[in-house]
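Asks: Here are the chains, one letter per residue:
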Amino acid sequence: MSGSLQAAGNGGVGQEMYRLIVELYPICRSITGDGVRQTLDIVRQHIPLTTHEVPTGTRVFDWVVPREWNIRGAYIKDSKGRTIVDFDDSNLHALNYSIPVRETVSLEELKQHLFTSERHPEWVPYRTSYYREDWGFCMAHSRYLELEDGDYEVTIDSTLENGSMTLGELVVKGQRSEEILVSTHTCHPSLCNDNLSGIALCTFLAKQLAESRPRYTYRFLFIPGTIGSITWLALNEDKLANIRMGIVVTLVGDDGPFTYKKTRNGDTELDSAVLHALEHSGSGYDVRQFIPYGYDERQYSSPGINLQVGCLTRTPFGEFPQYHTSADNLDFVKADKLAEALVVYQRIFAILEGNRTYRNRNPKCEPQLGRRGLYDKIGGENERQLNQMAILWVLNYSDEKHSLLQIAQQSGLPFADIRFAADMLLRCDLLEEVV
Amino acid sequence: MSGSLQAAGNGGVGQEMYRLIVELYPICRSITGDGVRQTLDIVRQHIPLTTHEVPTGTRVFDWVVPREWNIRGAYIKDSKGRTIVDFDDSNLHALNYSIPVRETVSLEELKQHLFTSERHPEWVPYRTSYYREDWGFCMAHSRYLELEDGDYEVTIDSTLENGSMTLGELVVKGQRSEEILVSTHTCHPSLCNDNLSGIALCTFLAKQLAESRPRYTYRFLFIPGTIGSITWLALNEDKLANIRMGIVVTLVGDDGPFTYKKTRNGDTELDSAVLHALEHSGSGYDVRQFIPYGYDERQYSSPGINLQVGCLTRTPFGEFPQYHTSADNLDFVKADKLAEALVVYQRIFAILEGNRTYRNRNPKCEPQLGRRGLYDKIGGENERQLNQMAILWVLNYSDEKHSLLQIAQQSGLPFADIRFAADMLLRCDLLEEVV
Amino acid sequence: MSGSLQAAGNGGVGQEMYRLIVELYPICRSITGDGVRQTLDIVRQHIPLTTHEVPTGTRVFDWVVPREWNIRGAYIKDSKGRTIVDFDDSNLHALNYSIPVRETVSLEELKQHLFTSERHPEWVPYRTSYYREDWGFCMAHSRYLELEDGDYEVTIDSTLENGSMTLGELVVKGQRSEEILVSTHTCHPSLCNDNLSGIALCTFLAKQLAESRPRYTYRFLFIPGTIGSITWLALNEDKLANIRMGIVVTLVGDDGPFTYKKTRNGDTELDSAVLHALEHSGSGYDVRQFIPYGYDERQYSSPGINLQVGCLTRTPFGEFPQYHTSADNLDFVKADKLAEALVVYQRIFAILEGNRTYRNRNPKCEPQLGRRGLYDKIGGENERQLNQMAILWVLNYSDEKHSLLQIAQQSGLPFADIRFAADMLLRCDLLEEVV
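Chains as they are written, first to last, in this note's numbering: chain H, 1 to 435; chain L, 1 to 435; chain A, 1 to 435.
Same shape as in the complex, but just chain H (with noise of 0.2 Å):
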């Protein structure tokens, strides 16, 4: 499997996860407002999305929609009108959600709305203030360090007022009902892998979906991070019980090795799907216990919502020096890895698809595979046919209380090996699914 998993990264869709990625780079994104509504008019020249705008003051659950927030430009110059920072250069410059600001300041009160990182002190590090009304501007700590005393003009072209906030759905409708839910969010700005890699991601699982004819029903969310899911949860709580599973993607394009955060449950099909995915992919990878930080996971798994769902990335948040700064950019994430992502990804759905129940209706000791075409003429010899493994697996396990899922991960052979024993055996009526 480790093959076609590099040979993937060569494949065109690498490169085309890619040029989504830099045709998204410059928009200015943030829980509210037009850089939103620009991500998705791209992402639907790919999908279908549907758009959704919840006006401000909506009450969703404990929360309420904030003002819409835009942003034309920001700067700083110093009183001899030199250009110390501007948004023109990096949207990051901007603190997120800050409100407009034009005025003369000395430099000991600018200092109180400058945020710098002074482990990596060239980068801008990523900020916000959603919730708490507040300036400021964001730089590279090495230039923090340069500036002198005097007056500096600030001046924050932002708005903040009554508007709404745009959330970005497709369901790729399966011939069951069931629901599993791919959720990614849309509000980071100038941010490549925290951000675009899950974006990209999702556009082009959505699209191979669509494309098959799948068994569940699968909701696509494309929305801004806690409100964004706290949102759409409190709009939507019907649709919850159908849900039978959940996977919030992004960090998909660095190249670190996987990392899954196991659903709440610990201990759900998804997992099981998941695990199996990585632990036939051919690479090393991580796996952790749920913890109620992270990304939307958090809103999903509330004890109220108490849906089950995952998150898949590759190094997990925090864990790499470029996140939430600007050296998380085009430079960091890379085509190859994103389309061996998305295989890893498609992988797990191919899973959970062909994942199913069944029963031996020839129950007692083993049928005569020889006269079926399912077995090897001479008997005696050393070796083990895979696939014989596989059948005989398949039949003593189909006793109705064992998915092909769990005889995989049981008898150590590959999900597609049991998947493809299974057909040859109900081809032969040696198995009925169990519904």
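It is possible that part of the hints are untrue.
Note that identical chains are pooled: a pair holds if it fits in a single copy or bridges any two copies.
With a Cα cut of at most 20 Å, we get these calculated SDA-like pairs of lysine to any residue [said to hold, decoys possible]: (1) LYS239 - TYR144; (2) LYS364 - ARG244; (3) LYS401 - THR268; (4) LYS173 - ASP423.
Simulated from the structure, these hints should not be mistaken for laboratory data.
Following the hints, put chains L and A in place on chain H, whose structure we already have.
Replies: Same frame as chain H, now just chains L and A:
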């Protein structure tokens, strides 16, 4: 315990087992035919085996009892009349279940009917063709490479005709009707470890059990692999409910460590008993999960039969180079290894025989052991008396929920010590059996 | 936490505990007699202990309260009148519960009544003979080897007469009637770690608990080992249903790591509390499964009593060379080690006192923490705020199924942080207790 295990090897029973193997070695066995009958006749000189003849054509679940195969000779001669291989040298030379043939063929055609082992060029491999009509010869690869162009005279003096398949069975009646199944296969020709070691062990185990007065009833099956167990199961479905557990015996004469393949359930009383015996055997051993491949445990553990059957061997099949070749011969099995294996099997059955669940009749605090003679007289010393620990374990855990075997496993003490402590406590009326 | 543990050792309580041990050390205790009464009288200067006198001959389950033993002196003199051993030097010289004797005996006969330790030839071993009438002396093996042939005058001025056994008890009333049992033994003569350290710890633990206003009711027992707990249990069977858990205190003054012996169930709230306190203690520790041997947990955990009782010591009995010898003296126990042990016990009880189960009153998604002052103001930074993680853990797992202690264990956060987060959430009406 290891001391007595070693001692056992020096006793006479190992030699007796080995002598039985020597006697059985030359016979050409298969899944049907006179070879099996001769084998069971010789076993019957030791234990009062019953045989069942099941006619060709009998339907047994998904299978049909095949025609009976017998063979008197087989050879290949080159154009100069020189013998290339001869059944009289080794019955492995004839493809087992080969149809009769009497032809002159070219080297090219001959080669399509020859089986060799490139990895072990001096050994003759063992091959069968039970369910596909074919003829063939097995030979050393080194000899095969020397074959010169030209015509060859091939003769296989075999018959494949309506007849019957022979099953051997011995029921050792116990105090209870509940049964333990002990199964060994009888279908391999001149192969010592894979086949004859199991037959020898079962013979002497049955003999010893018949001389004791066991609690369980023991049912020994001496049957051809696969078709034999399927046939016995199909013809004896009414007996299955009475079988509490079972074990498949084979490959017990080489010098590899014991290897236990667990029951399908994996956590039965048999599994505990075998593991306990092995843990306290003083030598290394290996334990494996159930897989639906191997010997007749495959059939016994099929979902519609669902007996709890393990398999205790030394080196497992396919994991020693001599497996299914002419090198699995009289040099490969040893009297002391056979005797040691018999001791382990006897200990397992001693555990099962002695395992009971009791109720402590003085459950409130410890009883005063001193006035019952169950306590060493002067308290305060540093060492624990082994027997006294066993007494305390049995008293504390005889709460109707723990069997003696479970107490042995939890305490780490040998089952014999726990059983002895229970006997002492029974004598003082401090225990009563929970039925 | 380790910082404060060390600090604790420097405080005065360790010195106070040590002084109490110094005061109790010379007294010759046994399972009955004035030694125990004097001991409890001294303890009563610290806490309002109640004592019960249980008459000789009282039937207690399978046992009978023995005659009362008292001793005034004991010695061996050689034929020249030189004193070989003298009770006045160490009460360990007299076999504990020795019957009176006044005789002249040969060296040969004397030797049948002498107990020494070859392994530690300078130390006097501690031996008892409670339930078999005997007389004897314990002495250093080195001295024993010097004994010369000849007659010896042996005198043991003891009495073994009808009387009573003395049990000490203190109930610290809590808000609830549900009880936690704390038990220590009082039957060892001049032995510091095994006996006096437990008495000292229980004394100061009871004092501190009586000054707080605990939720649970705490029942402290100061009793002779085995016969004392059996007697208390037999006379107080009506109280058992009220006892939620218990702990046996002893061996807390040496400098070995803490060792916790689990309850028989092995997975109770007490086990979790002790393990949590030890995990966060900053020092190494050892955990062991329950075995039906040791101190009075043997009786409390007998199947008919079935209390869940653990035992927390430092080095376990029999695992330090000084155990049950004259070397378990005032040099062997240390004030700082006693104080550190007291702190660990206090933390365990603080956890049990503070452990509750809550229901999240805002279970659908996270509540908005910011407007309640529970969120750091500027998002986006790399570090996690510890308290905020505790808040998220409590919110997510307050689903009626997880206690705060379980949340602490699952999160890896100290119980104190989790308890503090719950307090903050209670203040915001975000939690309600599940009763």
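Asks: Hints first: check each against the structure and report whether it holds.
Replies: So, going through the hints one by one against the coordinates:
Proximity of LYS239 and TYR144 under a CA criterion of 20 Å is satisfied in neither setting, with 50 Å inside one chain copy and 71 Å between copies. Within a single copy, LYS364 and ARG244 get their C-alpha atoms only as close as 34 Å, which misses the 20 Å cut-off; across copies the closest is 18 Å, which meets it. Within a single copy, LYS401 and THR268 get their C-alpha atoms as close as 15 Å, and across copies as close as 18 Å, so both meet the 20 Å cut-off. Taking CA atoms no more than 20 Å apart as the test, LYS173 paired with ASP423 passes in neither setting, with 24 Å inside one copy and 46 Å between copies.
Of the hints listed earlier, those the structure fails to meet are numbers 1 and 4, in rising order.
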